[in-house]
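Given these sequences and hints, build the entire structure.
Protein chains: 2
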Amino acid sequence: MKHIYTGKTKDVYQLEEGNYLLKFKDDVTGEDGVFDPGSNQVGLTIEGAGRAGLSLTKYFFEKLNEKGIATHYVDANIKEATMTVKPAKVFGKGLEVICRFRAVGSFLRRYKSYAKEGQPLNAFVEVTLKDDELQDPPITKDALDMLGILSADEYEILKKLTQDICRIIKDDLASKGIELYDIKLEFGRSEKDDHIMLIDEISGGNMRAFKDGKYIEPLELEKLILS
Amino acid sequence: MKHIYTGKTKDVYQLEEGNYLLKFKDDVTGEDGVFDPGSNQVGLTIEGAGRAGLSLTKYFFEKLNEKGIATHYVDANIKEATMTVKPAKVFGKGLEVICRFRAVGSFLRRYKSYAKEGQPLNAFVEVTLKDDELQDPPITKDALDMLGILSADEYEILKKLTQDICRIIKDDLASKGIELYDIKLEFGRSEKDDHIMLIDEISGGNMRAFKDGKYIEPLELEKLILS
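Protein sequences, first through last, are from chains A and B.
The opening residue of the first sequence carries number 1 in UniProt numbering; numbering runs sequentially from there.
The opening residue of the second sequence carries number 1 in UniProt numbering; numbering runs sequentially from there.
Please note: incorrect hints may appear among the correct ones.
The list makes no distinction among identical chains, and a pair is therefore deemed to hold if it is satisfied within one copy or across any two copies.
20 Å max Cα-Cα, derived DMTMM-like pairs, lysine to aspartate or glutamate [stated by the list, open to error]:
id, residue 1, residue 2
1, Lys130, Glu154
2, Lys159, Asp145
3, Lys141, Glu96
4, Lys63, Asp75
5, Lys160, Asp145
6, Lys141, Glu154
7, Lys112, Asp145
8, Lys160, Asp142
9, Lys116, Asp142
10, Lys89, Asp153
11, Lys141, Asp153
12, Lys159, Asp142
13, Lys211, Asp36
14, Lys176, Glu217
15, Lys116, Glu133
Derived by calculation from the structure, the hints in this document are not laboratory data.
Okay, here's the thing in structure tokens:
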């Protein structure tokens, strides 16, 4: 097992049979000690955050695999906080795909002259470049195509896949009395045949969820969903 | 004639027959005394800038009207620096539509990990909100549709119209040995029947153009094109 990458919240190892092992850390993104899923820097370390994030990721990826949605997930070891995944190539230097059900966060900051806080958005999808220095600039379908990152056809596949996945997650949360406001996913191309698949994780740190009008912290959210 | 609006580079008056009169001023956008077509503030006043901008606007709008492209242009009086236009409603609080033939300016700043300076872009269209406070944030087709600013169908009309207009302008400049890098247009809906038409102006202040590899200042550009 060879260590190949140290990420903000995960370390990556290459396994002998061609798969990869992701080791979930207890570091979460945020600023000044306050958790923020939209942030690009590690803001704090929470004991047990890695295992909790992995537990939720395992829960959702297994649910998605069962429904025939392509993901990189193979299996998970909660005790070790590790997940085995299939090899994937990211688009360009990496994209983040955001699905929004209510107007909050960067969407509201950008479009505040047109959108009200908390206004319903019907599984609205937007894509940003993973670029810490530029704080993940948004990018259009046409720009992704022109820059050779994602073709126009692939964009439509990605958008549909994102909406399908996020509606499954939203419905699951709703059945537990929790409302999903927005969620951030990552996708890649299968190293084998280039088909588009969901990669990375689906944890509390990737979404904003509310219960009885109150925002739920990631660790609390993971407990609520898995209880 | 009733004064109804004071803009950064133009004043607007309502005429008795239902049309409007735009009075071009000698103020141009920029910062610290340096002209910048991408800027949102008036940076300097150049004697004759208003008349020069209007002359070029007249030249291009008459060319476009001849080709059957819908614009708000009726006629112009260069001596008075005024232009008569048909009434139009802007989209939302106003959009800017940018057409790019080479990667410079904000496109390059945003996508510098993917694009090289000056890289050809094939009439790439992007839309930004007119919002000085937020420095004209870019907005996607889906977001324009979801926020009720422009429907998905109208977006496609706007994009096609922009490419048609900008290719006409690019070809005209090319015939004079000038290369158009990018250009910013504004559109509106006709007050009469809601059809989409080109509004505002087409002057040196709306475009970046180069001759023999050197950037040409707006006033110089206007002289070169009209000579």
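Q. 20 Å Cα cut-off: does Lys159 pair with Asp145 within a copy, between copies, both or neither?
A. Both: 14 Å inside a chain and 15 Å across chains, each within 20 Å.
Q) Is the C-alpha distance from Lys160 to Asp142 at most 20 Å within one copy, between copies, in both cases, or in neither? A) both (17 Å within a copy, 13 Å between copies)
Q. Within a copy, between copies, both or neither: where do Lys63 and Asp75 come within 20 Å Cα-Cα?
A. For Lys63 and Asp75, the Cα distance is within 20 Å only inside one copy (12 Å; across copies 65 Å).
Q) Should Lys116 paired with Glu133 be assigned to within, between, both, or neither, using CA atoms and 20 Å as the limit? A) between (29 Å within a copy, 17 Å between copies)
**Q.** Homo-oligomer pair classification [Glu96, Lys141; C-alpha up to 20 Å]
**A.** Classified as both; 13 Å inside a copy, 18 Å across copies.
Q: Tell me, please, which holds for Lys112 and Asp145 at an alpha-carbon limit of 20 Å: within, between, both or neither?
A: between (28 Å within a copy, 15 Å between copies)
**Q.** Same-copy or cross-copy closeness of Lys141 to Glu154 [CA-CA at most 20 Å]
**A.** both (10 Å within a copy, 17 Å between copies)
Q: Go through the copies and call it for Lys141 and Asp153: within, between, both or neither, with a Cα cutoff of 20 Å.
A: both (10 Å within a copy, 16 Å between copies)
Q) When no copy is specified for Lys211 and Asp36, does a C-alpha distance of 20 Å or less occur within a copy, between copies, both, or neither? A) So Lys211 and Asp36 pass the 20 Å test inside one copy only (18 Å; across, 48 Å).
**Q.** 20 Å Cα threshold - placement of Glu154 relative to Lys130
**A.** Within one copy, since 18 Å is at most 20 Å while 30 Å is not.
Q) Is it within, between, both or neither when you check Lys159 against Asp142 at 20 Å Cα-Cα? A) Cα proximity of Lys159 and Asp142: in one copy and across copies (14 Å, 11 Å).
(Q) When Cα atoms must be at most 20 Å apart, do Lys176 and Glu217 count as within-copy, between-copy, both, or neither? (A) within (16 Å within a copy, 62 Å between copies)
Consistency note: the structure conflicts with none of the earlier hints.
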